[in-house]
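Participant: Chains X and R, in that order, are what the protein sequence lines are. Residue numbering for the first sequence follows our numbering, beginning at 1 and increasing consecutively. Residue numbering for the second sequence follows our numbering, beginning at 1 and increasing consecutively.
Derived by calculation from the structure, the hints in this document are not laboratory data. Some hints could be false.
Okay, the calculated beta carbon distance ranges per label pair [said to hold, decoys possible]:
1) R:T292 to X:W63: 51 to 61 Å
2) X:F86 to R:R21: 45 to 55 Å
3) R:G267 to X:V149: 53 to 63 Å
4) X:V201 to R:R70: 35 to 45 Å
5) R:H212 to X:R67: 29 to 39 Å
6) X:L212 to R:A99: 33 to 43 Å
7) R:R21 to X:W63: 15 to 25 Å
For lysine-lysine, the following DSSO-like pairs were computed, each having C-alpha atoms within a straight-line distance of at most 30 Å [stated by the list, open to error]:
8) X:K191 to R:K275
9) X:K191 to R:K67
10) R:K135 to X:K191
11) R:K303 to X:K191
12) X:K64 to R:K64
13) R:K67 to X:K64
14) R:K121 to X:K191
By construction, the Cβ of each residue, glycine as well, lies at the ideal position given by its N, Cα and C atoms.
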Amino acid sequence: MKDVSFGQYYPVDSAIHRLDPRLKLLFLIAFIVVIFVANSFWGLLVCAGVLLGAILLSRIPLWKVLRSVRAVIFLVVFTAVINVFFYAGETVYWSYGVLVISKEGIVFSLFLVLRLVLLVLCSSLLTYTTTPVALTDGIESLLTPLKWVHFPVHELALIMSIALRMIPVLTEETNRIQNAQKARGADFESKNPVRRVMAFVPVLVPLLISALRRADELGDAMEARCYMGGKKRTKYKKLHFGWGDLVAFLVGAAMLTGVILLRVYVGGVL
Amino acid sequence: MRIVAEHLFYTYNEGTPFAARALDDVTLTVEEGEFFGILGHTGSGKSTFVQHLNGLIRLPSSLKRSKKHRAKKGEALPPAPVLRVGEFDLTDPKTSFSALRRKVGIVFQYPEQQLFAETVKDDVAFGIKSFADKKSPPSEQEIEGAVREALEAVGLSYAEVAEKSPFDLSGGQKRRAAIAGVIVTKPEVLILDEPAAGLDPLGKKEIADLLHRLHNTWCKTVIIVSHDMDEIAENCTMSAVFDAGKVKYVLPPRELFAHADELFAMGLDIPLVAKLCRALHARGVDIDCDLTADGFVKAVLAKRGQA
Numbered sequence: 001m002k003d004v005s006f007g008q009y010y011p012v013d014s015a016i017h018r019l020d021p022r023l024k025l026l027f028l029i030a031f032i033v034v035i036f037v038a039n040s041f042w043g044l045l046v047c048a049g050v051l052l053g054a055i056l057l058s059r060i061p062l063w064k065v066l067r068s069v070r071a072v073i074f075l076v077v078f079t080a081v082i083n084v085f086f087y088a089g090e091t092v093y094w095s096y097g098v099l100v101i102s103k104e105g106i107v108f109s110l111f112l113v114l115r116l117v118l119l120v121l122c123s124s125l126l127t128y129t130t131t132p133v134a135l136t137d138g139i140e141s142l143l144t145p146l147k148w149v150h151f152p153v154h155e156l157a158l159i160m161s162i163a164l165r166m167i168p169v170l171t172e173e174t175n176r177i178q179n180a181q182k183a184r185g186a187d188f189e190s191k192n193p194v195r196r197v198m199a200f201v202p203v204l205v206p207l208l209i210s211a212l213r214r215a216d217e218l219g220d221a222m223e224a225r226c227y228m229g230g231k232k233r234t235k236y237k238k239l240h241f242g243w244g245d246l247v248a249f250l251v252g253a254a255m256l257t258g259v260i261l262l263r264v265y266v267g268g269v270l
Numbered sequence: 001m002r003i004v005a006e007h008l009f010y011t012y013n014e015g016t017p018f019a020a021r022a023l024d025d026v027t028l029t030v031e032e033g034e035f036f037g038i039l040g041h042t043g044s045g046k047s048t049f050v051q052h053l054n055g056l057i058r059l060p061s062s063l064k065r066s067k068k069h070r071a072k073k074g075e076a077l078p079p080a081p082v083l084r085v086g087e088f089d090l091t092d093p094k095t096s097f098s099a100l101r102r103k104v105g106i107v108f109q110y111p112e113q114q115l116f117a118e119t120v121k122d123d124v125a126f127g128i129k130s131f132a133d134k135k136s137p138p139s140e141q142e143i144e145g146a147v148r149e150a151l152e153a154v155g156l157s158y159a160e161v162a163e164k165s166p167f168d169l170s171g172g173q174k175r176r177a178a179i180a181g182v183i184v185t186k187p188e189v190l191i192l193d194e195p196a197a198g199l200d201p202l203g204k205k206e207i208a209d210l211l212h213r214l215h216n217t218w219c220k221t222v223i224i225v226s227h228d229m230d231e232i233a234e235n236c237t238m239s240a241v242f243d244a245g246k247v248k249y250v251l252p253p254r255e256l257f258a259h260a261d262e263l264f265a266m267g268l269d270i271p272l273v274a275k276l277c278r279a280l281h282a283r284g285v286d287i288d289c290d291l292t293a294d295g296f297v298k299a300v301l302a303k304r305g306q307a
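Could you put the whole structure together from the sequences, leaning on the hints where they help?
Facilitator: Following this line, the structure appears as structure tokens:
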């Protein structure tokens, strides 16, 4: 519970931090598309290069970004193992019933692992360099077209920003309650898995109660200040598109074109 | 149990931009049998310190982290810390934290927020059940007896509240029930973080009385963490002031509040009676009294008798 580094904003000042959140979101989407368009190691290498450049520019320690992979390590390993054993390749090294290890299988699962890791790294770079508020502002701005079909964009953005805002609060609360129960002898480190799960009941009940209480209080506070969502609200911080954003946009566009060209002219991994 | 702490350092989130030094070379001794008050502004490190005392912050692992970090940055290592609570040596990684926590109970701020069970009885029994020896668990009667004793000790009637849901109790009752849930294992040292926070004056008085009762009969040492000066002045036999992770004073409250100007500078206050004495002193009247309202009135009357 203590390590919430996955997705936590990392407060330093850098070119990447200063980019327009809308651009960063679009960049992320483009990046994900590119990762899936790329069908050769060369293509992924281009992506990895751009990402590495972005991480270095962001002035966040590399290990800190790499650590976010830890959260999904199980998924990555699981995917890799499944693919190694079930990919029907031609150059077979070993087989047993339906299980086959082939050269193509190994290459393919390496490829998948790389894709997954890049996916996680680029999304966590976004949350590391963008405050939750900027992020939701960006999402709201990007979703504006949906307002024409009466989709409650503003409300959605508000819900998201409150949810994000509450993550550290509830984490702290969890630690506090956990400490209180530990002081009463609760054992969260028991080797017996059933006992370990049961140990969380005395934490979850008070946590739920306090979350509901907080929600109530927040609702009251917002109402007391006559909060109203919708068209007429102005913004404290206006988003604007600057020179840095243009450069980032060009880099992104170049990457996209490059990878597509690679796909067309160089061909796939297999 | 005597508590001895020497050269304690602690930094939250060491090695990240969120790093915050909480303890900076803390040395403090709490003798057995004392009613000890720890004073300090928010963020002065007082809560961090008390969390060390029952191993919620584990010294060996925090030491290891700090050593690694300092070695990397080429800083000199601080003097070796000492932390002993009775017979427990907390710098030793082999110390049993479960046994320690049984002896050192902590009541956190707003303890009523930790209540979770369906009935008050079950909630209070949680401590006994979780500390119990897994091979020979206590019988139902033993548990019920201990719960009854703890509830009566905090001034709640067992017959009245035992089967109720803890969420149906009043604010003051909830807090008592939560305190019962900590003292039910008969800790020798009882630590309370802001025990009277958020209560009305009567509730505060009741909690103070309760703590005195517990101090005399139930727990040998009581430590309260507070920034309510009156609470410290009226109850404690000894007090320590924390400021920015350091221990500034260790004095009996009466002597402590003579340092009014220094306390103001730390963002702390002095008790009302001490303020009155100061105001009178500025007008040339010296009153020597303990810091209770009664003592002050007696001293003033005696003074008037002389005049």
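Participant: Decide, hint by hint, whether the structure agrees.
Facilitator: Hint check:
1. The supplied range of 51 to 61 Å is met by T292 (chain R) and W63 (chain X), whose beta-carbon atoms lie about 58 Å from each other.
2. The hinted window of 45 to 55 Å between F86 (chain X) and R21 (chain R) holds, with their beta carbons roughly 53 Å apart.
3. One distance hint, 53 to 63 Å for the beta-carbon pair G267 (chain R) and V149 (chain X), holds here, with the actual separation near 55 Å.
4. Between V201 (chain X) and R70 (chain R), the C-beta spacing of about 40 Å keeps the proposed range 35 to 45 Å intact.
5. A beta carbon spacing of about 50 Å between H212 (chain R) and R67 (chain X) contradicts the range 29 to 39 Å that was offered as a hint.
6. Against the hinted window of 33 to 43 Å, the Cβ-Cβ separation of L212 (chain X) and A99 (chain R) comes to about 36 Å, which satisfies the hint.
7. At about 23 Å, the beta-carbon gap between R21 (chain R) and W63 (chain X) stays in the expected band of 15 to 25 Å.
8. The straight-line distance between the Cα atoms of K191 (chain X) and K275 (chain R) is roughly 56 Å, outside the 30 Å bound, and the hint therefore fails.
9. A distance of roughly 29 Å separates the Cα atoms of K191 (chain X) and K67 (chain R); the hinted pair therefore holds under the 30 Å criterion.
10. Restraint check: the Cα-Cα separation between K135 (chain R) and K191 (chain X) comes to about 16 Å, which is no more than 30 Å; the hinted pair holds.
11. A C-alpha spacing of about 68 Å is found between K303 (chain R) and K191 (chain X), which places the hinted pair above 30 Å, so the restraint is violated.
12. Taking the CA atoms of K64 (chain X) and K64 (chain R), the gap is near 20 Å; set against the 30 Å cutoff, the hint holds.
13. Note on K67 (chain R) and K64 (chain X): the hinted pairing holds, with a Cα-Cα distance of about 20 Å set against a maximum of 30 Å.
14. Proximity of K121 (chain R) to K191 (chain X) is assessed by CA-CA distance (about 28 Å); at most 30 Å being required, the pair is judged to hold.
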